[in-house]
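**Q** Residue strings, one per chain:
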Amino acid sequence: MKFPALIAAGSVAMSLVATTPVFADKLDDIISSGVLRCAVTLDFPPMGSRDDNNEPVGFDVDTCNDLAAALGVDAEIVETPFPDRIPALVSGRADVGVASTSDTLERAKTIGFSIPYFAFNNVVLTREDTGIESYEDLAGMNLGSVAGVFEAIALEEDFNEWDAGGSFRTFQSQADVFLALNQGQIDATVVTGTVAAATVNEGNFDGFVIADEAPYLVDYVGLITLREEYGLINYLNLFVNQQIRTGRYDELFEKWVGGGAEAPDLSVPGVYY
Amino acid sequence: MFGTSITWGDISFMLSGAGLTLAITFWAMLGGTLAGLVFGVIRAQSPWYVNYPLGTVLDVLRSVPLLIQFILFNSFQSIIGLNMNPFVVGCAVLAAYTAAFCTEIVRGGILSVPTTTRRAARSLGLTYWQDLREIVLPLGTRVMLPSWIGLTLGVMKDTALVYAIGVIELLRSSQIIITRKPHEALVILAIAGLMYFIVSFPVSRLGAHLERKWREND
Amino acid sequence: MFDINYTFHWNQAFRALPDMLAGAWITLQIAVLSMVIGIIVGVVLALAKQSRFVAARGFATTWIEIARNTPALFQVYMIYFGIPAVLQLVASWFDIDFRAMGINIFYLDSYWAVLVGIAFNNAGYLAETFRGGLRAVPDTQTRAARSLGFGPFDAFRLIVLPQMFRAVFHPMTNQMVWAILMTSVGIFVGLNIDLTGVTQELNARTFRTFEFFALAAAIYYVIAKIVTSGARLIAWRLFRY
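Chains as they are written, first to last, in my numbering: chain S, 1 to 273; chain L, 1 to 218; chain V, 1 to 241.
A couple of the hints might just be wrong.
Below, a list of computed lysine-lysine pairs in the DSS-like style, where the Cα atoms sit at most 27 Å apart [claimed, not checked]:
hint	chain 1	residue 1	chain 2	residue 2
1	S	109	S	26
2	L	181	S	255
3	L	213	V	225
By construction, these hints were calculated from the structure, which means they are not laboratory data. Please read all numbers here as calculations on a predicted model, not as lab measurements.
Kindly produce the complete structure, drawing on both the sequences and the hints.
**A** Written out as structure tokens, the structure reads:
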């Protein structure tokens, strides 16, 4: 009688020692470290940008702060240009990506997505002097976008299909795309509507105009983390759900995008997630 | 300032970037030079079965773009869970890259000292290490120092590439300001260029001066 | 030893090999063209630096010092984003608005910006190399050639220049390898067709950073080796007595 009890006690003790590290997943790590490090892209206003003191601000920054508050930890913003978002996650420099990441199947092979926390429609952004008035006018023009993003892939496909000359270039950040458009190295870009509107309204770039809607699918973006962190992904899903349920999503939309527009619908009709 | 919208805050932001540029240069040169001295001595007097593999590794470091080395090592260290911050990654990669060039400089310096001189030293009763320290080092330094100064400047300029792994050094900090003030792009870039130039130019003059002076004495 | 939590998808990288090799071809193209331009301009700069004219000397010195004392990435960035701004500024002094006239004089494709930037850099470094090389050719050579009836230009072209190139062949090979490696900064000015550009695009789409860049590194190494062995072969053919 004594022996099995000993084994039982021993195995309980063993399992306490042995299994503690196994159960400490990313979610536990964040809570116990007291800091949530968010990868945010800061050249993508109004989602993420820097204010006059070069401090991070924007929809994504506020979302990160909300998430940190929900977890009961401090938020730390890790600035990552678009192509650096996933390396930052995989390298452990950031815990969660709050960086307008389109939830493509290609990327889901490598990282884990939450349910969409925002959705974009894409528009054609150009300068007044280019004479571009519709999406079809882009054929034969010099175009540019950010390397590897949703709208870049869609635009490049059409560019190759048109086969009408011109060029298609990709940059490492949204800022470089706008700068190239401003300087005349490209004639137009396709960019998410909210960002285009914010950029035009800010007035940093003279003569930028939104010419047309781009005929793409709605670009749903999710929060991202490592693929195997199910605990954290579940938490992120509930967090997004709560943001919408509590009206915080609409509030943040009004704060950063506003202009009387409705916050985009994040549900896809006719399908379960 | 300068009749533009660039503020002192922006300039100090760029200066802190420049500070980071210098810090990375310092650590990379320190690590790279120490490793280069060791590898250089080994390269100068080792049998082929040591020399060849070491030479190949260093050759790879010299033949792959630094930008790729940064990205590759950054993702590698994250895969094996080292959790280094980008600043450390930048210093480590740049130090290895520096070592690859420094090794050849040191090796060249050692080989530039005639064998007869070294034999003479040994026959005067100096030990191997005394010979290396008292004879080869002072004579070799004349050959090595100008190249070493050139290497330092090269490394300082190459730090611009750590941009790719998210370190906000001088060039990246300028680009962040350009993001907010695109119409000032030219002025901001000119200021950044000037900052590089101010650091680099006097040192390169010094290197050229030493080279000239020592050549005259030959 | 390490807690490896990552499964390599090498297959995905190897499938992209044809695209990456096409990128490598563009890389080589830019490097070779930038070297050709760099050598021609470099010789001119080296001569200008020894010229009697202050303006020529000043121009050459400015070029060489900027090329050698600022990062190549900065130079390429400046040519792509800075030169259009300069043109815009100059045009505005004369109240000319090219945009309103529908002329885009500011357009410079990434490919050309990288090519011009690296050629600028090459020329600056090669000019100094050539200056050293010219010093290595004794004055007596020129005098001997002139007394044999060569004109000043022919004496330089047929007697001095070949000897100079022999003296600087090795540093020139190094510069060629650097030119290849330097093309990688093109991704910062929108170049998406060279080896690094293609790799970065694949990386951004799939987030498989390590696999794609490891393959790219291997390709760069092979190209560098081909160039250096090729140069050694050429040197052996050209410079044997």
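**Q** Indicate, hint by hint, whether the structure satisfies it.
**A** Against the structure, the hints:
{"no.": "1", "hint": "109(S) x 26(S)", "in the structure": "19 Å, holds"}
{"no.": "2", "hint": "181(L) x 255(S)", "in the structure": "23 Å, holds"}
{"no.": "3", "hint": "213(L) x 225(V)", "in the structure": "36 Å, violated"}
The structure fails to meet hint 3 from the earlier list, while all remaining hints are met.
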